[in-house]
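Chemist: Chains as they are written, first to last, in our numbering: chain A, 12 to 238; chain B, 578 to 766.
These are computed hints drawn from the structure, not numbers from a lab. Think of the CB as a built atom: it goes at the ideal place given N, C-alpha and C, for glycine as much as any other residue. Do not rely on the hints blindly, as some may be mistaken.
As the list claims (entries may be wrong) - Derived, one-sided and incomplete: chain A residues facing chain B with beta-carbon distance under 8 Å:
(1) 18
(2) 22
(3) 23
(4) 27
(5) 30
(6) 55
(7) 57
(8) 62
(9) 65
(10) 67
As the list claims (entries may be wrong) - Residues of chain B clear of chain A, computed beta-carbon distances all greater than 10 Å:
(11) 647
(12) 649
(13) 668
(14) 671
(15) 731
(16) 746
(17) 749
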Amino acid sequence: MEDTMHDHPSSADWMLYLYGESTETDRRSMSEHLAACPECAGRVERWRATMSDLDAWETETRLEPAGSVVQSSAHRSGARNAFMRVAIGLAGLALTFLAGFGARSLIGPGPDDLKSQLRAELQTELRAEFSRQTAESTALTPPNRVVDDAGLVSRLASWESASAGREERVRSMLSGVLQNQITLREDLETLAVEAEAQIMRTRRELRRLRDQNQITDEFREFASNPY
Amino acid sequence: MSEHRKLTDEAVMAIVCANGADDGRRAFADLVRRWEQRIHRLCFRLTGNTQDAEDATQEALARVFAKRDQFRGDAKFSTWLWRIAVNAATDLQRRKRAVSPQHESISHDGPVSASVTSENRHRVREALAELPDQLRSVVVLRHYEQLKFREIAETLGIPQGTVASRMADALDRLGRKLQDNDSSETRSC
Numbered sequence: 012m013e014d015t016m017h018d019h020p021s022s023a024d025w026m027l028y029l030y031g032e033s034t035e036t037d038r039r040s041m042s043e044h045l046a047a048c049p050e051c052a053g054r055v056e057r058w059r060a061t062m063s064d065l066d067a068w069e070t071e072t073r074l075e076p077a078g079s080v081v082q083s084s085a086h087r088s089g090a091r092n093a094f095m096r097v098a099i100g101l102a103g104l105a106l107t108f109l110a111g112f113g114a115r116s117l118i119g120p121g122p123d124d125l126k127s128q129l130r131a132e133l134q135t136e137l138r139a140e141f142s143r144q145t146a147e148s149t150a151l152t153p154p155n156r157v158v159d160d161a162g163l164v165s166r167l168a169s170w171e172s173a174s175a176g177r178e179e180r181v182r183s184m185l186s187g188v189l190q191n192q193i194t195l196r197e198d199l200e201t202l203a204v205e206a207e208a209q210i211m212r213t214r215r216e217l218r219r220l221r222d223q224n225q226i227t228d229e230f231r232e233f234a235s236n237p238y
Numbered sequence: 578m579s580e581h582r583k584l585t586d587e588a589v590m591a592i593v594c595a596n597g598a599d600d601g602r603r604a605f606a607d608l609v610r611r612w613e614q615r616i617h618r619l620c621f622r623l624t625g626n627t628q629d630a631e632d633a634t635q636e637a638l639a640r641v642f643a644k645r646d647q648f649r650g651d652a653k654f655s656t657w658l659w660r661i662a663v664n665a666a667t668d669l670q671r672r673k674r675a676v677s678p679q680h681e682s683i684s685h686d687g688p689v690s691a692s693v694t695s696e697n698r699h700r701v702r703e704a705l706a707e708l709p710d711q712l713r714s715v716v717v718l719r720h721y722e723q724l725k726f727r728e729i730a731e732t733l734g735i736p737q738g739t740v741a742s743r744m745a746d747a748l749d750r751l752g753r754k755l756q757d758n759d760s761s762e763t764r765s766c
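Next up, chain B with everything else stripped away, as it sits in the complex (with noise of 0.2 Å):
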């Protein structure tokens, strides 16, 4: 059982700060223990594929380690990390397409199938590995990872204003997009 599990999350940063080796990284394991399933989560939404997740979040966690010293007490260590996370994940993308233009970020973890619930996950899936980043990103923190536009806009650093706009545009593209693949698979019939 985690010894800091009373402790805030900024309290815990705040021992990983100020300790030394041992202490501080084990302060630091019991933070990734309560967000690596979160953050997993994000990634994979961020990414479209399970290889893409575990790398953006390994990266994430270093750089939140790394960069432990700029974190400030006054902050909320939550929305640290939520921007530190989609950063990873976005800059992973950005390489995968630099390096193969053509890369494709949904992978098909088995064959495909004829299951209706199945199909629709994917066209989902695709759909959103279809949008701008700045848009996904935006989508995924909203919509599945619950958080208030508010706290969106301080993540990401944009007016609030500016992340509800964005998430009304994300809608619209992922609505004509949706709406696409239904008339396509009507036809096909």
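Excised from the complex, chain A in its bound form (with noise of 0.2 Å):
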């Protein structure tokens, strides 16, 4: 890859670079040309930027390299995961309120009122957060068993069973061309045979009707001069 001012790496290229997966040279090419480039750094930057949103959207699982799922000790984590983000929230959504009812405070009715009313909105709007951080965690750290093995086997037989009944019927319908094959096949032959006994139907016609002509000729020749 040339690094010039003028010679700017593609899109492809600085995803590459962004996700780690660029050549030793490549990697330093790029990045002396981000030092050169303000367009490309600032290209390079705002992805960077929407990189890092996307990792708002977390995920608690955890994966051996062979893809094998480290099951109790992922789920272990994953369920403490997910309950330092509930915690987490609540807090920053106490921290909300409580900045609110010091500025209702000073303008606002009496302490004690404000103070019940802070009491009761708190306390809806955290039984709200609680349960919409719980099922979005849920979604992201499903059970162990996300499928049933039981109703996984009986799927699959069943799964299975259609198959078969599906391939039973496909084999019968070849069966079937096959049949009406065979049966043309005959049909033709019977045709064949047919067409040629009545060429030599034909022929034999033919030469009779010549041979009866050649006498006419013979007869009518011999009529014109009988001596």
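Given two chains presented individually in distinct reference frames, assemble the corresponding complex, making use of the accompanying hints.
Modeler: Okay, here's the thing in structure tokens:
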């Protein structure tokens, strides 16, 4: 990859760079280009900001390199991380309300009324927030068995028997088609034999007519000159 | 504990393909246990809601079992599985849009809250849901599932350069969408 001010790396190249998949040589070259090109630096900065935004949608499950699920520890860490997110969310919400309470207490009605009102509002909001966070965490940290084993085996069994039924119908159809082909071939052979016989009959008839014409010509000649 | 835990995915698939009803299904159940959470997570990010994610996961795993004879032993199982899962989630979304064009993939699993963290998460989910299927698949596979661009290319059956270009396009669109959300929230304050 040439590193000149006028030879910008492509978007695809930048993606490899941002996700750490560039070769060492390319990475160095692109880093130097970034330092010298405000246009590319701006683009990369915007992409990095978006990538950071995407990280807001976290997930809990950890995986071993071979792809197997570390179920028990992932589930525990998943549950722990989910709890932390819920707790942090609730704490943020509580602080927001306390700040609002502080502002209102300077200008509003008496402190006891405000406290009761604030307590009621806070409870409602916290309950709603808790439900929402829990539901979202559960969605990203599914139970160990999303797919019930017995249900899966039973569903696979019915899928297999449905497939077997379909296979049988296809076999039966193919057998019918084959039979039709055999019948068609027999009919064609019969037709060929009959056609050949007809041709033979026609040839004999033509020869007979030709011979008859010859006799007629000879008689005419004899008739015209009998002596 | 799984009797196949020391075997690779490809080795377990060989058992699934070679064996009769009980042994094959037991081996397949072990394979499902290895992958179900990750597939569910992928489907959740692609569809945006829990119910669709579960449906797509079930569909993907059923397809894997039904098509097990098509799995070539020299191929990588994970690549084949990712492709089936992405197709299952995408097909589900298309069917739902065909039936109900206003179908919203993002469901609110609870009342909307003022928490900054959950609000950001919701914005990202909405922005992702608005991407075309082929861009969203790339984002989910690269950014969240951490597949390399080469692996994504094999999974989706497209060149690696196309995958990276789609990723850039997706980040551009997401960036504009998320910035627009920021601007509108600032104006409404």
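Chemist: Hint compliance check: list the failing hint numbers for this structure, sorted ascending.
Modeler: Numbers 1, 6, 16, 17, in rising order.
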